[in-house]
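**Student:** Sequence:
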Amino acid sequence: NMGVHARSWQGWQIPIKTDNAHGAARILDIDGAFLIKRFGEGQVAVVAGFQGIGPDNRIATLGRGGSDTSAVAIAAAVKADRCDIYTDVDGVYTTDPRIEPKARRLAKISFEEMLEMASLGAKVLQVRSVELAMVHRVRTFVRSSFDDPDAPG
739 NMGVHARSWQ
749 GWQIPIKTDN
759 AHGAARILDI
769 DGAFLIKRFG
779 EGQVAVVAGF
789 QGIGPDNRIA
799 TLGRGGSDTS
809 AVAIAAAVKA
819 DRCDIYTDVD
829 GVYTTDPRIE
839 PKARRLAKIS
849 FEEMLEMASL
859 GAKVLQVRSV
869 ELAMVHRVRT
879 FVRSSFDDPD
889 APG
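Those letters in the sequence shown? Residues 739 to 891, per the numbering used here, in order.
To be clear, the hints were calculated from the coordinates, so they are not data collected in a lab. Computed from a prediction, not measured in an experiment: that's the story for all the values here. Hints are not guaranteed to be accurate.
[Claimed, not checked] Think about it this way: if two alpha-carbon atoms lie no more than 25 Å apart in a straight line, the pair counts; the simulated DMTMM-like pairs of lysine to aspartate or glutamate are: (1) K775 - D822; (2) K817 - D769; (3) K817 - D757; (4) K755 - D769; (5) K840 - E850; (6) K840 - D886; (7) K755 - E779; (8) K861 - E851; (9) K840 - E869; (10) K817 - E779; (11) K840 - D828; (12) K817 - E851; (13) K817 - D767; (14) K840 - D885; (15) K846 - D819; (16) K775 - D819; (17) K861 - E850; (18) K775 - D828; (19) K846 - E869.
Please take these sequences and the hints and turn them into a complete structure.
**Tutor:** Okay, structure coming up:
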């Protein structure tokens, strides 16, 4: 016990409403008030990504990048100051640092530049998560799951 009052929910419990395109569903709406109420009660929300509930009340999966997309959509729904995405690299690079040792880490990148990189195949963030971040103006930080949590992202 770390003294943190955390609670987990699946997408259908929030609810994260999606369309019916199972395997490639799009998020239509998230009840941000549900989570904001929990924050007010001192709870830390742990929400399963990659899935939601379709209009037929069946669980729908979001497809590739669905967890990142869920995180950005939830951040937008609760009007969070930022969204931190944890992955195997510590930020956005000029190219894949796992392949090219001379790749440079970018201190900052615009939504438009990140969207272009994602649409050209950069795997750090998927197009849908970048689109959501851009539309809702969610500051998004890419951070390493393996580094100091206080390191810049």
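**Student:** For each hint, tell me whether it holds in the structure or not.
**Tutor:** To see whether the hints hold, each was checked on the structure:
1. K775 - D822: holds (21 Å)
2. K817 - D769: Holds: K817 and D769 sit about 12 Å apart, inside 25 Å.
3. K817 - D757: OK: K817 and D757 at ~23 Å, within 25 Å.
4. K755 - D769: holds (9 Å)
5. K840 - E850: holds (24 Å)
6. K840 - D886: holds (22 Å)
7. K755 - E779: It holds: about 24 Å lies between the C-alpha atoms, which stays within 25 Å.
8. K861 - E851: holds (14 Å)
9. K840 - E869: violated (28 Å)
10. K817 - E779: holds (17 Å)
11. K840 - D828: holds (15 Å)
12. K817 - E851: holds (23 Å)
13. K817 - D767: Given pair K817, D767 holds - Cα atoms ~14 Å apart, limit 25 Å.
14. K840 - D885: holds (20 Å)
15. K846 - D819: Holds - the C-alpha atoms of D819 and K846 are around 16 Å apart, at most 25 Å.
16. K775 - D819: holds (17 Å)
17. K861 - E850: Since the Cα atoms of K861 and E850 sit roughly 16 Å apart, the hinted pair holds (cutoff 25 Å).
18. K775 - D828: It is violated: about 32 Å lies between the C-alpha atoms, which goes past 25 Å.
19. K846 - E869: OK: K846 and E869 at ~17 Å, within 25 Å.
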